[in-house]
Structures are given as C-alpha cells and as structure tokens.
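Protein chains in written order, with my numbering: chain A, 19 to 182; chain B, 37 to 338.
Calculated directly from the structure, the hints in this document are not laboratory data.
Among the clues, some could well be false.
Here are the computed lysine to aspartate or glutamate pairs in the EDC-like style, where the Cα-Cα straight-line distance is at most 20 Å [unchecked claim]: (1) B:Lys326 <-> B:Glu161; (2) B:Lys190 <-> B:Glu318; (3) B:Lys330 <-> B:Glu161; (4) B:Lys120 <-> B:Asp71; (5) A:Lys59 <-> B:Glu318; (6) A:Lys120 <-> B:Asp97.
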Amino acid sequence: MRMPDLIDGSENVSVHGIFNWILLLSIFSIITVVGNYLGYKHPIADSLIGMGILSLITLVGVWMERYLPLNISSILYISIIGIIIAFPGVPTSDFVLYYVSKVELLSIVTVFLAYVGIGMGKSWNEFKALGWRAVIVTILVIASTYLGSAVVAHIILVLTGVPA
Amino acid sequence: MERIKIPYRKDDGSVEHIYREKTDKRILRKNPWKDYRLHLTVFALVVLAEIIGPFEIRITDSISFSIMPLIYAMVLGLVFYLLKPIKWIKRRQARIAEGAMMLFIGVLIAKLAISSGQSIHLIFEMGPALILQELGHLATILVALPVALILGFKEEAIGMTNSIGREPNVAVVVDKYGFNSPESRGVFAVFIIGTVIGTIFISFLVSFSLSFLPLHPFAFAMASGVGSASMNAAAIGPTLAAFPGMETQIEAFAGFSNLLSFCVGIYIVIFVALPLTQKTYELLEPKIGKDHVKIEGDDEDA
Chain A
19 MRMPDLIDGS ENVSVHGIFN WILLLSIFSI ITVVGNYLGY KHPIADSLIG
69 MGILSLITLV GVWMERYLPL NISSILYISI IGIIIAFPGV PTSDFVLYYV
119 SKVELLSIVT VFLAYVGIGM GKSWNEFKAL GWRAVIVTIL VIASTYLGSA
169 VVAHIILVLT GVPA
Chain B
37 MERIKIPYRK DDGSVEHIYR EKTDKRILRK NPWKDYRLHL TVFALVVLAE
87 IIGPFEIRIT DSISFSIMPL IYAMVLGLVF YLLKPIKWIK RRQARIAEGA
137 MMLFIGVLIA KLAISSGQSI HLIFEMGPAL ILQELGHLAT ILVALPVALI
187 LGFKEEAIGM TNSIGREPNV AVVVDKYGFN SPESRGVFAV FIIGTVIGTI
237 FISFLVSFSL SFLPLHPFAF AMASGVGSAS MNAAAIGPTL AAFPGMETQI
287 EAFAGFSNLL SFCVGIYIVI FVALPLTQKT YELLEPKIGK DHVKIEGDDE
337 DA
C-alpha cells in the first residue's frame, strides 16, 4: 500500500518542520504535566519549566542530528547535552536539577507509552498472522536478554564489592 | 495484507539513523499536531491511568507485584485502536503516534541523561558492570536458539534469536542475509511480535523478577537497557517503584545502559552475536533440529 500523502512536501527540514516539532513537544509536555500533577502532586508551574528544559534539549538534539555534518544520532546528542548541563559544579546544574526533578520519569513514560500503544495497533494484523511458535521464541528472546544482563551485572557488582 | 516493511537503511550500510527517517516522514511533512483527537485521546488515557493509580497484588506478606499506570495507558491505547466503534483512532493516527513517539523518545532520554550527569561519578565507578552487562544479552543465543530449533525453525532461528530484534538489529540481519532470506523473515517476526507484546511482557517480567530474584538494585537498573526505547521505559517503571529513595541512581544506570545498548550494542550484534548465533546453529541444528515449520505470516502477502 502506497502512502502518497506521506511523501509530499520538501525533502529538507523546513522552518515549518521545526514548528511541528515544537508544537508536538508542547502537546506532550502539557499532557505529561497534568499526569505528573495527578499522579505525584508536583506543582504544575515547576514541572512545566522542567518539561520545557527537557523539550529544549530534545529540540536541540534532533536539530543537531539533521544540521551538523557529523554522522551522529540525536539520541547521542541529547544524552551528551543532558549529562553536561546536569554535571555537578556546572552553572546550569542546580537550576536544571531542581526543575527536572519535579517531572517524574514515570509521568513521561506513561504518556510516551500511550502513544506507543496507539502506534502498536498498526502492527496488529501482521502480529496475528504469525504463529504461536514465533511468539514463544520472541518471549524467550526478550526474557533472556533482560535476565542475562541482570545476572551479569549482579555478578560484577558483587565481585567488585558494591554494597546493595 | 500489508507487506512487512524493511526498516530504513542507508546505502552506505549505516544503520544509525533509522529513527530519523521515520520521524521526518511522519512529522516534518505533515501537521501532526492538527490531529487533536489523537492527542485528546492520549490525554484522556493518561488522566484515567493516573487517577486509577498503581494496582498492587499481594502474593505473600513480603512479596507483592504491582501493575503501573503506564501499562493501563499503553494497553488502552492499543484497545482504542482495535475497537471498531472508535473511528477517530485508526491507521493514520497510529502512523502519527509512531512518528511522534520517535521525537518523544528524546524527552525520555534527556530526563535519563540528566540523572546520569548528576551521578556521573557513580557511572564511572560502576563502569565494568555497565559495560559487561551488555554481553549478558548474548544469553538469548543460549536460551532461545535451542528452543527455536526444537519448535521446528531452521535458518529463521538465526534471525530470531541473535538479539532482541528491534530496528537496528533488523537492519543488521537484512544487510547480511538479504531481504528475502529465511533469517530476515525470522527477525521480522520477532520485530512484529516484540512491537505488539514486548513492552507489556517486559513490564510483567521485570515485576516478577523484582519480586523473586534477589539481585542488586543497580543490576535491575542496568538490565533495563535492552536495546528498545519503549521496552526500556516499561522496564524502568517497576524498578523505580521497587526501590524508593534510589530514583536518581536507577535512572542514571538505566539511562546509561540504554545509551550503551544503542551505541555499542549494535557492534556487539555485528561482530559477536550474529557470528556466534550462526556457529551455534550449525552445531545444534543437526542434533536437535525438527521438521521445518514455516513462519505463518509468509504466505499472506500476495
């Protein structure tokens, strides 16, 4: 099935495109802040500033991925920016930590996964066409990937004497 | 029936920008924010999920098991898509949601990175554990490959069991074996199944592991970086809830291990996991291989 409506428009990131990013991040922030208030009772104004900081980092990261000539993913840019501005002793650190700590990770995850759930629906028919054998194998793949690294990490932590 | 799509791969063989392609197609060239019904639905799901709150199941006095609001939000999202009467959440909205999700991953990563920056000394101290746990992912070859062979898969099993089978892994397998190979069919199957049930499954798996396995809290945090942003998110939830007061450290380790899976994990798959799966397959297949079953999805394309 072709999706002609998705291939119109320009190849390049336009101002219009950046505007789309900003609006989407604003929508995401508002939903997260409301969820964060309902679930954890954090003040709305503080967590809105916190989400603003996180959205700005995201925006800079995705922008850098597309505009800088380096072949680096936005995930890496976002991580590096986040680590630097929160680094103990850096002037931005106190401000960033205060406001970002008002946004619980779980509030962000809940909104994120609501979008994931809706996006998942698209694969439902393909999923149903696959057999139970493949489902068993997939479950084992996920379980052993997770448990394998948990056990290895545990062993190394115990060997290096890290107290629980 | 729609053909299973090949995730994006650039001609130079690079597999690092799969997210960018999807996001740009779905976000930059449309006005995704205009689909207010999608966002209002997500808003309603989130409000509902947070109002219900976590649901705790007590197994014994000391062992309990909790279902987090994030699970309700996700499952309801899928249910809304599948329910016929809900006409405003359909394929188009799912595509927008998927594209938007690629952008929202950034917010999640930023939050984790800030915790990592705050605890950077701890990250350096725990460096060996953080790096070596990436090799723990190879357990899938030891556990899932023999089972796949016993269930009657042949070369498909190589694609299915070399790694967790998310976008970068799919790209690696397709790159090595070709789009129409049995290995690629295998990895597509795991990709699709992982997309639909992976996130829900891992959140239950993590809850059970937290209740029954006496592992170090940091080990659970590090393990949550399995190589998929949504599975990572779902795995952190119960871990945070299980160790109150350690939020920053858990977020720091989870974030950093996710970053490692993303940057280093792909090379482990190319240089270690995939060759190892191939060798193990050649070794085990003659011994425990059964009559070939096909992945049922195959013939549906036409």
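Checked hints:
This hinted pair does not check out: B:Lys326 and B:Glu161 have alpha carbons roughly 47 Å apart, beyond 20 Å. This hinted pair checks out: B:Lys190 and B:Glu318 have alpha carbons roughly 10 Å apart, not beyond 20 Å. The hinted pair formed by B:Lys330 and B:Glu161 fails the criterion: a straight-line CA distance of about 48 Å is larger than 20 Å. Annotation: proposed proximity of B:Lys120 to B:Asp71 holds, straight-line Cα distance about 19 Å (limit 20 Å).
A distance of roughly 57 Å separates the Cα atoms of A:Lys59 and B:Glu318; the hinted pair therefore is violated under the 20 Å criterion. With a C-alpha separation of about 32 Å, the suggested pairing of A:Lys120 with B:Asp97 is violated against the 20 Å cut-off.
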